[in-house]
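Asks: Sequences listed follow chains A and B, in order. First residue of the first sequence? That's 1 in our numbering, and the numbers climb one at a time after it. First residue of the second sequence? That's 1 in our numbering, and the numbers climb one at a time after it.
These are calculated hints, taken from the structure and not from any lab test. Please note that a few of the clues may not be correct.
[To be verified] BS3-like cross-link-like pairs, simulated, lysine-lysine; straight-line CA separation at most 25 Å: (1) B:LYS215 with B:LYS88; (2) A:LYS129 with A:LYS88; (3) A:LYS250 with A:LYS228; (4) A:LYS180 with B:LYS180; (5) B:LYS288 with A:LYS129; (6) A:LYS132 with B:LYS88; (7) A:LYS88 with A:LYS215; (8) B:LYS132 with B:LYS97; (9) B:LYS97 with B:LYS17; (10) A:LYS250 with A:LYS88; (11) B:LYS215 with A:LYS129.
[Stated by the list, open to error] Heads up, incomplete: computed chain A residues facing chain B, CB under 10 Å, no partners named: (12) ARG20; (13) SER23; (14) GLU37; (15) THR38; (16) ASP39; (17) VAL75; (18) TYR110; (19) ASN126; (20) SER133; (21) PHE154; (22) LEU182; (23) ASN183; (24) ASN206; (25) THR210; (26) THR218; (27) THR265.
We put the beta carbon where it would ideally sit given N, CA and C, even for glycine.
Number of protein chains: 2
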Amino acid sequence: MRQSRKLSPRNGGVKPKEMRIISDSSEMQTLANRIRETDLLIGFVPTMGYLHEGHGSLIRGARQQSDIVVLSIFVNPTQFGPAEDLDKYPRDMERDKEIAREAGTDYIFYPEARDIYTSEFQTYVNVEKITKSHCGVSRPTHFRGVATVCTKLFNIVLPHWAFFGQKDYQQCAVIRRMVKDLNMNLEIIVLPTVREADGLAMSSRNVYLTPEERKQATCLYESLQLAKNMVRAGRTDARTILMAMREHIKRKPLASIDYVSIADTDTLQELETIRTEAVALLAVYFGKTRLIDNEILRVM
Amino acid sequence: MRQSRKLSPRNGGVKPKEMRIISDSSEMQTLANRIRETDLLIGFVPTMGYLHEGHGSLIRGARQQSDIVVLSIFVNPTQFGPAEDLDKYPRDMERDKEIAREAGTDYIFYPEARDIYTSEFQTYVNVEKITKSHCGVSRPTHFRGVATVCTKLFNIVLPHWAFFGQKDYQQCAVIRRMVKDLNMNLEIIVLPTVREADGLAMSSRNVYLTPEERKQATCLYESLQLAKNMVRAGRTDARTILMAMREHIKRKPLASIDYVSIADTDTLQELETIRTEAVALLAVYFGKTRLIDNEILRVM
């Protein structure tokens, strides 16, 4: 891993005194090329906005090891299915700016959809096997949209590294696979999930939950802890653990399971037996709101 | 267009005195990153080897406006269909090195297939509409392979510009579309088709032709000239021109038409009437050998 360098006179001009917002993709790419001609390292945090403490932690992670921190805010239409929540996805640009500034952002890249997807747009990045399972079952075009927009954002922002939260585990696995497969010139860094006091993983979508759903939503975290403790206690057969997880969730009347899975940490292939480590992943609906979470399981 | 800069002391070390061959993709990318930290401009010519004067012209084009010229030689398996000529695609590395050196190459990137496509490989770049017509009809996975390998090579070589020959017109249109759609950080430069004395477009595949097929193969160029002259003489209805082109080719008993088309120069959508300009494209089989060629048609 490269070390960030000190600002020197020949780096002048690309590090803004105050946080700047750039909405034009050509302007962003030109700036990124100028930064790349200096010694400065670019850390990148791609988001869909409506920032929370999870994003804050990614920005601070980027800040710590980069000279220039770029945050993108773009609610990406191609990763939403036709029946999904694109139109009502929560937005609050003023609060986002506050959080971004406080966490140490230098540039917010805030493009319009018609800039990112022109009328002639027709090129998609498809990661194949790893996108078919888990969230890919109920959201068949989701990861194609994620892979495509990340490719575009990486090419516009030209980061040395990009930061993602472990909460979106399959997304992280897909992006890592894509970066390797297409020899992309950056490093993917995954930071731990940030949680509310009761364990619920922070997510922009938590705002959709009714107070009663919000209470019951802790069952995702609890069932993951259950799995973790069972593995710690010596259980290695996935079927038994999955059954216990499902039973725990089913006790919550408002919860409806999409999937609960124990899988290989890289390929996400379903496991029958946990040898050294695995990942437990789950997606649970509360009404129309779909929550996801995951936990690494390690055999002691 | 940026101007190439003079070599300065801080650029030292990345411009080799003699042409170098690099086969490892990580080594190539690390070198490209080092070059990118200098002022030097990288010109890139991706090829499948078995170089001819057409490639020579691309290398000289790159040489003229770049400080560092990288040529890749890689017979890309993902752009060949199952019944195509991957295994017998002609190779002659010693002659390729000679031609590359004389035309002014600094680095040949010459990777192995297992380096470019590892066993876990599963990510493809799909350009959609523009790949469905013309060569995409008889070669349905061809452009997916081309787009994917070009994405990989661009990410490894990190060129400021990449050079392609107009002979592969649809390929050029697909790559341009991909570069725009995915905001790739480089410029695509298309140079004119280089031809034999009798008009046949240079191609590594010409070596497959029997002497009699070789003689009759001039019908591609001739029918394109016929089209060009008809448009010059005021003809603008595509159907009449296409009929004349087909008739000319059908006079050659060894020729079998795959397609003859008059299309929009950007989108490759079939045209009925030529308004200001169009491209005439054709693919013709001689035995198992498939030849392609094209010509821009301009209304005077």
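Asks: Which earlier hints can't be squared with this structure?
Replies: 2, 5, 6, 8, 10, 11, 12, 13, 17, 18, 20, 24, 25, 26, 27
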